[in-house]
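Residue numbers (numbering that gives the first Met the number 0), protein chains in the order written: chain A, 0 to 208; chain B, 0 to 208.
Treat the hints loosely; a few may be bogus.
Pairs count within a copy or across copies, as identical chains cannot be separated in the list.
27 Å max Cα-Cα, derived BS3-like pairs, lysine-lysine [stated by the list, open to error]:
hint, residue 1, residue 2
1, K197, K114
2, K114, K28
3, K28, K197
4, K110, K197
5, K163, K5
6, K5, K110
7, K114, K5
8, K28, K196
9, K5, K28
10, K197, K156
It should be emphasised that the hints constitute simulated quantities derived from the structure, not laboratory data.
2 protein chains.
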Amino acid sequence: MDLRDKRIDYDRFHLTEEEAGNDPFELFKRWYTEASKEEIEANIMVVSTSVNNQPDSRIVLLKEVFEQEFVFYTNYTSHKGEQIALNPNVSLLFFWQNHQRQVRVTGTAQKVSAKQSDEYFASRPYESQIGAIASQQSSELTTRGELEALVNELLEKHRNIPVKRPDHWGGYRVAPSHFEFWQGRPSRLHDRICFTKKGDHWNRGRLHP
Amino acid sequence: MDLRDKRIDYDRFHLTEEEAGNDPFELFKRWYTEASKEEIEANIMVVSTSVNNQPDSRIVLLKEVFEQEFVFYTNYTSHKGEQIALNPNVSLLFFWQNHQRQVRVTGTAQKVSAKQSDEYFASRPYESQIGAIASQQSSELTTRGELEALVNELLEKHRNIPVKRPDHWGGYRVAPSHFEFWQGRPSRLHDRICFTKKGDHWNRGRLHP
Chain A
0 MDLRDKRIDY DRFHLTEEEA GNDPFELFKR WYTEASKEEI EANIMVVSTS
50 VNNQPDSRIV LLKEVFEQEF VFYTNYTSHK GEQIALNPNV SLLFFWQNHQ
100 RQVRVTGTAQ KVSAKQSDEY FASRPYESQI GAIASQQSSE LTTRGELEAL
150 VNELLEKHRN IPVKRPDHWG GYRVAPSHFE FWQGRPSRLH DRICFTKKGD
200 HWNRGRLHP
Chain B
0 MDLRDKRIDY DRFHLTEEEA GNDPFELFKR WYTEASKEEI EANIMVVSTS
50 VNNQPDSRIV LLKEVFEQEF VFYTNYTSHK GEQIALNPNV SLLFFWQNHQ
100 RQVRVTGTAQ KVSAKQSDEY FASRPYESQI GAIASQQSSE LTTRGELEAL
150 VNELLEKHRN IPVKRPDHWG GYRVAPSHFE FWQGRPSRLH DRICFTKKGD
200 HWNRGRLHP
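Let's have the full structure, built from the sequences with the hints guiding it.
Right under this line is the structure:
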């Protein structure tokens, strides 16, 4: 499969120091708001973990940016949950194709409070709640039919009883120590502006493309 | 920023064992071909690296799938190049939003031959070649203007001389040891089919969503 001749120039926007400002969360929110006007799910992000120096990546949905942290929910016994338990260092990546922009974040993850997970779990659709109690996320499954039978049984059982959040399901909040804002530019001469945390302050810099 | 009520159900496709087959490269090519009918750049992938157990991720363009390896090009002295030199374990992630599909790959990266890098470099547009010799990728840049002045100088200098590939620019090929094919399904009950390499053979399995 040869894709060597496939290329598209990125020429919609640029990113100056003035536009970037001094607060990476402000810039993130501005880019997110702009992306959400053209993307169906601008809150799609890649969460990467690493254990024994083997990185692993998957798509997760950002659910909140709160007090300078990025929040997402998952099964704590999934591969990513087990990996975060062993090593809380993670990276996040947002890519907004229409705007030719990426935001790269490195930081550390920790669980949100049980109360916060309860609140979010209670707000999820009934079928997703049932899915969360039925699925032993990332463990081996013999057949799809086995899972569907269990889901049907649980749907029946919980028809008149609210679904309680299982202990193994909840949120993580990621506290960034570094951001890169990448704006695609023509001829691969992209704009890359970084923020690195020093105490309470963010140091801004520009990188070669 | 609260996105907790934002949700879209994934209901376009499913993935059975029969559809998955026994060869992850065949399935990858089929999904790629389908994605490329609806995506502008279906060859966008996330490459994640890890050094000292700190994962790091960025978008890279897949340029070739050749002899069961995924090939991309970059500056060898970029952060990702330095990270791969320290630890060749990487993960790749393809996400095709319209098809509600991800392909997750873990494997190891090594440099392609100088000949292969030369060939690809020679096929790139002149302006991108100049960009590659001008940019000290990922190192600090004082101002955008400094880079643009250097690019203009090099454009002038090379107007009648072909641009030679610099030694610090070239390809990597990633040999996978594990694949996951993720097909989004309603109520978060996604299909996840995995292939793990055992000698010359791929073992297939299904994971809980």
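Results for each hint:
For the homomeric pair K197 and K114, neither the shortest alpha-carbon distance inside one copy (31 Å) nor that between copies (44 Å) is at most 27 Å. Within a single copy, K114 and K28 get their C-alpha atoms as close as 26 Å, which meets the 27 Å cut-off; across copies the closest is 44 Å, which misses it. In the homo-oligomer, the alpha carbons of K28 and K197 lie at most 27 Å apart inside one protomer (21 Å), although the nearest pairing across protomers, at 45 Å, exceeds that limit. Taking CA atoms no more than 27 Å apart as the test, K110 paired with K197 passes inside one copy only; the shortest distance there is 24 Å, against 35 Å between copies.
For the homomeric pair K163 and K5, the shortest alpha-carbon distance between copies (21 Å) is at most 27 Å, but the shortest distance inside one copy (50 Å) is not. Only between protomers do K5 and K110 lie at most 27 Å apart by alpha-carbon distance; the minimum there is 21 Å, versus 42 Å within a single protomer. Only between protomers do K114 and K5 lie at most 27 Å apart by alpha-carbon distance; the minimum there is 20 Å, versus 49 Å within a single protomer. In this assembly of identical chains, the alpha carbons of K28 and K196 lie at most 27 Å apart only when taken from the same copy (18 Å versus 42 Å across copies).
Taking identical chains as interchangeable, the C-alpha atoms of K5 and K28 lie at most 27 Å apart only when they sit on different chains, with a minimum of 16 Å there against 32 Å within one chain. Proximity of K197 and K156 under a CA criterion of 27 Å is satisfied in neither setting, with 52 Å inside one chain copy and 42 Å between copies.
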